Structure formats: structure tokens, C-alpha cells
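> Using the sequences plus the hints, can you model the full thing?
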Amino acid sequence: MSVKIEDVIQIVEVQLGATGARAADRIIEDLGAESADIVGILAAVDAKYSIHIDEMELPDIRTIADLAASITRHTDAG
Amino acid sequence: MNIAGAVTLLEVLESRARETPELSAFVYDDTAHSFGALWQRAGWFAACLLNQGVTAGDRIVLALPNAPDFFTVFYGSQRAGAVPVPLFPGAGPARLAAIAAQADANIIVVAPAARDGLKEVLADRPEQSNTVVLIPDIGADTPPVAALPTVAADDLCFIQYTSGSTGDPKGVQLSHANVLANIKQLIAGMRITKEDVFVTWLPLYHDMGLILMSMVPFYLGARLILLPTRLTNAQAWLDAIQTHHGTVTAAPDFAYRFLLRHLKDPGRFDLHSLRVALNAAEPVRAQTILDFERMFGLEHVMIAGYGLAEASCGVSTGVPGTPVQVDDRGCVAIGPPFPGIEIRIDCADAAQDPAGEILVRSAATTRGYYNNPAATEELLTDDGFMRTGDLGYLDDAGYLYVVSRRKDIIIQGGRNIAPAEIEEVTDAAPFVRYTAAVGIDPGGLAGEQVYLFAELRAGAARDEQGLPAMTADLVQRFLRHFGFRPGRVYLLAPHTIPRTPNGKLQHGRLRQRYLDGSLRSAGGILFPEY
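These protein sequences, in sequence, are chains A and B.
When we follow this note's numbering, the leftmost residue of the first sequence carries the number 1, and every step to the right adds one.
When we follow this note's numbering, the leftmost residue of the second sequence carries the number 1001, and every step to the right adds one.
No lab work stands behind these hints: they were computed from the structure.
This structure is a prediction, so every number in the text was calculated from the model and none was measured.
Where is the CB? At the ideal position from N, CA and C, for every residue including glycine.
Be aware that a few hints might be false.
As the list claims (entries may be wrong) - Label pairs and their in silico Cβ distance ranges:
| # | chain 1 | residue 1 | chain 2 | residue 2 | range |
| --- | --- | --- | --- | --- | --- |
| 1 | A | D60 | B | E1378 | 46 to 52 Å |
| 2 | B | L1298 | A | R73 | 34 to 40 Å |
| 3 | A | P59 | B | R1191 | 38 to 44 Å |
| 4 | A | D30 | B | R1367 | 44 to 50 Å |
| 5 | B | P1323 | A | R73 | 38 to 44 Å |
Below, the structure is given as C-alpha cells:
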């Protein structure tokens, strides 16, 4: 299943209270997320796509585009 | 005056400064700060405050991170006869100003980065004339004052705000007698001695970091390693335990869960010096205890604790060195109440269900909330017990089990947050009718989170395209005020938050309708769709 990047951007924006985020933005460095916020983003992603991204994958997810790629892998695997 | 005979915390520190001035009070950033220096710095700050016109009993708000100046301001305020009001330094300026107003504090001490924002907020509040003070700008050349005011056992030691709600502020007033009583209770209950080595990153503005992890070692003259508060820096925490042979540390359950999940190469840490790893300030999970001890090859080191600001800090912990017990509900046994603390369970029918509201009585319990007689009356019984609002029971051996925490407080990441304070902030958004904040544990690593439900005005509810921006706006309002973000925000259709006939929000029913799915299936949730 292809994941729409704008949907992932929107999840990150509403979790962080951000606007104007872009796919290449780094979630922590550019958008100001704390590690607890990442947990909230993952919970939202899991709920929307009915998948489970393990927090062990977090080191590989820096940008919104990385997150979208991870979602795609999980939805394809499912 | 010696420490055993001290009736105020200041007498304890003065004795330490006089008898062992060179002894390290705490180590911060690899530098030891002696009791003599701590006492002298506090005296300097007291002189600065007196020069500013501070008089006995005045409240001084301080919002400072874990660093030596916290103690300078905290004890300096006391030495000037004033009452420190420590607050979370990451909170937004509006919250600091609001609580300063509730506490009738004329002086607010902040870190340099917070000054401009705070001054802007205060400029919009002409009725408030607070002075914002920075360390060391204030009176760098202030000469010492020969005679500082005398402080008595019944004078307030500090005020701990558990809610900054304007309508229902909860500033817990703790006297020197209260705090000293709790220090002695903690020492006896947790078998703490002056040989212990404390390692802590817990924030000093909050009771567990302040009383257990700094006042107790000060009282005993035990070694204290103070770290900056960085919840996610498990490595620095464990490094400090290993390097300094730490014997006592403490954290909320989620911090241990984060550590267990994210720590790389745990095998390189030797934590066998630890005697006590206290797990408290939020519900304790048995699995966390098992996993922590297994990861580091420890036995009977992690103990569960229960306490609340209204009891100064601690009420009960497990007995160090003994196995943890879990009941058939899955609740971790806390332990017997500390010596000097009475617990009574207020249950309807003990034969049916021994669980009921936990009531606490001891010399450490508060006299009540600052400037809130209604809440104080609700808190204290006629026979001197304090209603905790938490549900629990005592087993046959007298061990306390906490079944559920009070419903009017949400604990996110170890922080207590009052729904009423959240709702005052988010109700101000022009597109909402009402908001309701509820604590929900979605089952993951993070534990209980603030879930904010915002019921929209009719016009806003029709603006489908605008819903994401409204959600982001509410998150921003929350973040600016509290300094962290809620777990989830939901936008609801008009008239969906359950209320009583006289208009009171029904948080419990809302929570239930969210969890059982009926809120969504009835079309109540407009955004997001997950």
C-alpha cells in the first residue's frame, strides 16, 4: 500500500502543534519534538494504519519521509 | 543547636555549615559544593531579597533547573523569612505569572532564557507588578546582612503547587515541622544512613527530587550527586551511579521503562552498589521491576513507593532488600506506612471489598492549600486525617496497595496535571465551546497520557478543512503553558462532552465513551479519524 506523505505530515503536525512541516523535516531537530512526543506520533501512526512500529526502529526514523517509509514497509508486510 | 535538635530545615543547614563547612553538600557537573558555601550563598541571596523589600512570609516563585542556584534561591528565600514556591522551569510564562498571582508572590526568579517571555506576559497583566529576578544579576555587590529573621518550626518551608487552576488553585503549604517530620519518616522507612550515596536527576522543584533526593542527604550529611533533568539521558544517570558508587536513586516507572527499552549495551554498567532504586510518582508496573533487576543482575533493589505533596513527600515504600509482592489484581505492594504515619482506609464494606479511599495522618501532612479554604476543607477530616483521593487497601501484614490514583489528577511522564488547569488554557481557543482533559493509558511505553477532547462551536465544526489547524492550535496552547505536549487531541461535535444537569463536565463518562468506542461510533469525534 502506498502511504500518502501528506497524511503522515498531517499526523506529525497535529501531534506537535506544528504547521508548514515538510517531508524532509527532521522530527526532533527541525520540529522540536521531545522523545515523549515521538511516542505519541508512533501511537497515532499505529492507530491510523493499524500497524505497530516498534520503538527499536526509532534510531532509523529521523525525518517525516523516514517515518512514511517505515509505515509503507509495515503496511506492505501486513 | 545540633541536627537532632533542629526544628527547622535552616537549623539543619546551619549546623552542617558550622560543624562540617568543608563537607560536600552536593556534587554538580563534577564540582563539589560544600555546606559552608551553600549556606553562605543562601545568606547572600537572603540579603538581596531583604534589599528588595521582602518581608517575613512573602512568597518567592522560583522556576529554575537542577543547578546550584536552585538551592541558593530556595534556601536564601527561607533565610530572608520568605516562602519559596518552586515551579517547573519549562512551564510557559503565562503559567508562571498565573501561579505567582495565586501565591501573591511579588518576586519571580527564573533562568535568563525565560526572562523576556515572562516580562512580556506580565506587561499584559497591569494588575500584577512582579519583579523578575535573575541570578546573579540581583545584587551582585550586596553586602551580607548581619541579622536575618528568625524562622520557627511552624513557619512555611515552601509551597508546592499541584494545580495552577485559577478557579481551584492547589498550593500545598508545608511547614518546616512538616518537612522535617517527613525527612525522618523517609530515613526510617527506607533505612537510609549517612553512608548512602544519592544519585538524582529528578527535578528539584518537585517533592520527590526536593525532599527525598536532596533534603534527606542534606539532613544526614550523605553524599549527593545532582544531575540535570534529562529524562532520556539514561546513560548519564547510570554512569553517575557507577562512577560514584550510588546506593540510592529514584524515578517514576516510565523513566525506568524508557531506560529498559532504549539503553544500548546495558552489560557495561555495574550497578551493584545500588541498595535502593525507588520507583514512585506514578503507578508502578511489576514488569518494570522484574526487567530492571534482570537487566542489571540485581536482587530486591527496586522498591515501589507511594506519596503525595499533601503528605510532604513519601508515605510508604517497599522495604529495601525484600522481595516485591504483587496481589491478584496485579497491584504491586508498596509497603507498610513509614513510622509515624497512620493510614486509614475509608471503605463501605471491608468484607465485600477492602479497597477504599486512602486517608493519611502524620506530623508531615499539610495544614491545607494556600488561599483555598474550600479545597482545604475537602482535604482534611475533623480528626486530623487527610483525604488522598486515591483508592487502596492494607493487607493482613499492614502493607499498602494502591488500586487506582485520584481521578482529578492526570500523571503524564511523572508529572501531575490537574484537568481543570488544562481546560482553562484550552477553553480560551475561540473555536471551542468546552474542553475536557482525561488521563488515558494507551497501553504503550509512555503510560498515562493527557487526552484532550475539545467540543467545537457549530461554525468551526462545519469547517472540515480547518480541523487539523485547530488541533495544532490546541497543542500549541497546551505546550506554551505547560512546557510539554498532550498525548492526543480530539475535536468533537457540539454537545458531545457529557455533562451533569447543572453543567459539570463528566470526565469519567467521557473517558468511558472514548474507551468503549461509543463516542466515535455515534459520530462524536470529528478529527482525527484514528
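> Give a verdict on every hint.
Hint check results:
Distance hint check: the CB atoms of D60 (chain A) and E1378 (chain B) are about 51 Å apart, consistent with the given range 46 to 52 Å. Between L1298 (chain B) and R73 (chain A) the beta carbons are some 37 Å apart, a value that agrees with the proposed interval 34 to 40 Å. At roughly 40 Å, the beta-carbon separation of P59 (chain A) and R1191 (chain B) lies within the given 38 to 44 Å, and the hint holds. A beta carbon spacing of about 49 Å between D30 (chain A) and R1367 (chain B) agrees with the range 44 to 50 Å that was offered as a hint.
Evaluation of the 38 to 44 Å hint for P1323 (chain B) and R73 (chain A) yields a pass: the beta carbon distance comes to about 43 Å.
When held up to the earlier numbered hints, the structure conflicts with none and fits them all.
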